[in-house]
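Trainee: Chains as they are written, first to last, in the working numbering: chain A, 1 to 324; chain B, 1001 to 1686.
Note that these hints are calculated values from the structure, not bench results. Treat each hint with caution, since some may be false.
[What the hints assert, rightly or not] Distance ranges between label pairs, derived from CB positions:
1. Val1033/B with Thr49/A: 28 to 36 Å
2. Ala6/A with Ile1186/B: 42 to 50 Å
3. Thr49/A with Ile1186/B: 13 to 21 Å
[Said to hold, decoys possible] Far from chain A by the CB rule (all over 10 Å, computed), these chain B residues:
4. Arg1078
5. Thr1119
6. Leu1146
7. Arg1155
8. Arg1185
9. Gln1310
10. Ser1343
11. Gln1364
12. Gly1402
13. Ala1404
14. Ala1494
15. Tyr1531
16. Leu1678
On a predicted model such as this, the values are computed, not experimentally measured, just so you know. Here a beta-carbon is modelled for each residue, glycine too, at the ideal position from N, C-alpha and C.
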Amino acid sequence: MNPIDAVKPWFSSRVTRWLERRMPAVQEISLHRKNIFILPTGPGLLFLTATILIFVTAINYVLSLAFGLAFLMVSLFILSILHTFRNLQHLSLRGVGAEPIFAGEDAAFVVLLSRQSNQEHEMLELRFPSSIWSQADVLDNEQERVKVFLPSVRRGLLKAPRLTVQTRFPLGLWRAWSHVDLAMSCLVYPHPQEGPLPGLVGGSTSGKSESVKTGVDDFHGLRAYQTGDSLKQIAWKSLARGQGLKVKQFVDAVDDQLMLDWEMFPGMESEERLSRLCYWVLILAQQDIDYGLRIPGQEFSLGRGDAHRGKLLGALALWQGGAL
Amino acid sequence: MTDKQAHIPRLTIWWMLGALALVVAPHLLRLPVWISALIVACVIWRILIFIGRVGFPNKFLKIMIVFLALPLTVVEYRGSGAGLDAAVCLLILGTVFKLLEMRQRRDMLIVVCLCYVLTMVGFIYSQTILAALHALLTFIVITGALVTLQRDNQRSSLKGNGKLALRLVAQAIPLAIVLFVLVPRIAPLWTMPVPVSPNKTGVTDEMSPGNISSLSRSAELAFRVSFENNAPLQDQMYWRGLVLDFFDGRSWRRAGSAFQSYAMIERFDNRLQGEMQGGAVDYDVILEPTQQSWIYALQLADFDASDIRQDRYYTLHTEKPVTQRYRYKMRSYLRNETDLELSGILRSRALQLPEPDGNPNSHQLAERLRAQSSGDLDYANRVMRYFREQPFYYTLTPPELGEASIDDFLFNSLQGFCEHYASSFVYLMRAAGVPARVVVGYQGGETNPFEGYTMVYQYNAHAWAEIWLEGQGWVRMDPTGAVAPERISEGAQAVLGDQPGFLDDSRFSMMRFRNTEWLNTLRLRLDAMDYAWNRWVVSYDEDLQLQLLEAFFGDRAKQTLLYALGASFLLFFIIAAFFLLGGRKRDMRDQATRLYLRLLVDLADSGLSRRRGEGPLDFANRVAESRPDIAADMTRITALYVRMSYAQDAQDESFGELKEYILALRLRLSSPWRRVVLRNFPAFRT
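With the sequences and hints as input, model every part of the structure.
Mentor: See below:
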């Protein structure tokens, strides 16, 4: 094992602990002298190399003006520390949170950037570790919202790691950054998994035990869009989720009530059951029926509407404290 | 921006092209034509790539270009001997090639850094004020390219980025000046090849009829001198360059070609024979590049510089040819006697005559005059008188001389320039056994009335004679003075001004307009500026640095240098940090109050002032009564202001609203002129 690799985890844990102490998680943080770090970038070092080259030539050819040029470059290099630092200073970040997502999607954490002085903040870059950069400016407006993305793997409560906010503006010779913990988290629903509803369980609240016919003919949920389909039937939500153009297929409900149950999917792993249940909650939420959910330890009576849907999905997401 | 590494903002290309064009432009005329053409072609190609007309060069083409351009450059510069020109050429080509193939951010950064280096390369060839201004402009544009590379938002515009770059550079200049003044100057680490300029002007080490008179066609500056105390008179200003003591019947040369090289210069340890005496003059010379390795001074020169050598003829030599403006300090003893005893070799050199000699008439003349005279000095004076009494004519355009040049001149044409007189005078001396030699250099100079220094031009080039007299050593004799005394006392300009051919090579030189008063003043002013630039900036060195520091710190200048440097560095940083980072955190409520109070001032101007103790709401009601036209605005503003001032959840958005309403109302209240100011200059709004 490479000695550096051996030291790395130890080192990064030390850094993390140090950061925890220095900048504990808060909902809103203002950047200032004590929490901004700054170091030269690769291009900055290249710039410095060019400066040294010019300086040595100036010495050897006794070129007074080349000395001047080298000094101007040194001066610019030093000055840009202040400019880059200033670009982060007095910037305030507030974690707004993120809309719930399904496992496997990217959580879009909304961060509110606001300036606390006349200083404008240009070309700010934000990201979570090993995620993609989001770019933002705080110019004319006092506040700007920026979405920072974080991929999710499993259901549960996704706690946002430390957010890196950095800038190289104006010359790219220095990089000023800060790692802030805005105490944000995102609810991650199980990944909806398509599949038939194999078992039938009556809605217990109504006291009746009515059946829903299962089978291929009755219900497909969503299917791919074909030319000629009515615009009213397009599943806009799934389109917005980036799942492609789909069309809702209406079930010919024999009944206007349905109770989803853990036991409907016998023989499956619990995570898979949750995924199936999640799928059916989504389908039923689009129908004109009342639906409920029964999972071990929790039971939700029949209902409809966005709040009801959210409650059910949330229960699925957080069942047994989230996926391991 | 790891994942955006490849992304280049579109505007950047234009900035890069602009920077490159500025950097390369001064070199285009100097470089061989085909290389200049290649550079222009590459730039055009890059533009075509950018606007999508053609693609990037493929690998094969790139290799072809590089492998053709490299050897061709080497071949092109092979003969010229200076590796520097070739290196500069390759550096420029490399930058342009990199520009052609750049796609990524990293390539751009390399081109940017190369552009900075190329800006410096320009200084190897020119360090004039103009070159400095050009370099400053280039620097701003390159910095602008760097800004554009970083800025990828709606603020990125040609004007916006230019302004930011200008601001950054302007802020960087104070520290740069401090560093320029205070950073210790180090001696060159190793010797470098120097560029050789193809056109050599000035005095050469060979004098034949016509080659000094050709210099009078040029109004180029030869050197500038500032005297520490009083300048000597015009007729004392003989700027000695070289001693030419070998005559082949037509031209004068230095004895033996061995003298050409610095290592072979005949040195002598006890530099000067006898004590320095009388008529000391201290002065400081800035010599224009001559590409030669000798420099000019008044006889007899004494100096401290370690890179100057004085040879047996008391002429001064530098280690390397003077390719850049060269500054040196001298002290001359005008009344000093030299070589009271003449050694054998010098004597024989000073008596050398061509063999066979084809000037029998001149020999006869020498013998006749010698027979009449009582001694060497008397003989020399007789020859001078001969020049004065015979109808010799001082002219820039003498007729061609035949094979026997001395005879032809003395008895046939009688028209000549200083080289003719010097040459024939020395010949007549030697023919009569008096040791004599030709000296070439400059005579006279023009005093700049604004700065008090003396300007010596190419047309001041002159040749005279030195003869050796028993008990006196070498004595200067100027036969030109016998023919045209005003040439010596008033300068070349006075005598030659009306002659055809004078300043012909400087057709557009301002020197030609010296009779137009204001143009002449302008010329002298510009020259004074250029001189100051050279004296204080271009030739700023350790001595000058020390001199400057001593003015501030006295004797301990050298020790304090580093402290001064550190202190000013820190001071700059603190001041810059204060101005840049000092922006206080802003409270929206304070801002709102300030805006509201500003509005009250405007209202007071139009006759509505708030009474002592009157609350904003009461005041608004009173305003609404007396000025119904602004009642609605006033009520709205007051409501917003009160909410912002007293409500806990004062919103930033309502501040923007308040700002807008207040400005609108103030615009309505103010005069048309103030309205224009308020609209266009946000600074006046608060």
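Trainee: Against each hint, give a clear statement of whether it holds in the structure.
Mentor: Each hint, compared with the structure:
no.	hint	verdict
1	Val1033/B with Thr49/A: 28 to 36 Å	holds (33 Å)
2	Ala6/A with Ile1186/B: 42 to 50 Å	holds (45 Å)
3	Thr49/A with Ile1186/B: 13 to 21 Å	holds (19 Å)
4	Arg1078	holds (23 Å)
5	Thr1119	violated (6 Å)
6	Leu1146	violated (5 Å)
7	Arg1155	violated (6 Å)
8	Arg1185	violated (7 Å)
9	Gln1310	holds (22 Å)
10	Ser1343	holds (38 Å)
11	Gln1364	holds (56 Å)
12	Gly1402	holds (49 Å)
13	Ala1404	holds (49 Å)
14	Ala1494	holds (36 Å)
15	Tyr1531	holds (15 Å)
16	Leu1678	holds (19 Å)
The structure shown violates the earlier hints numbered 5, 6, 7 and 8.
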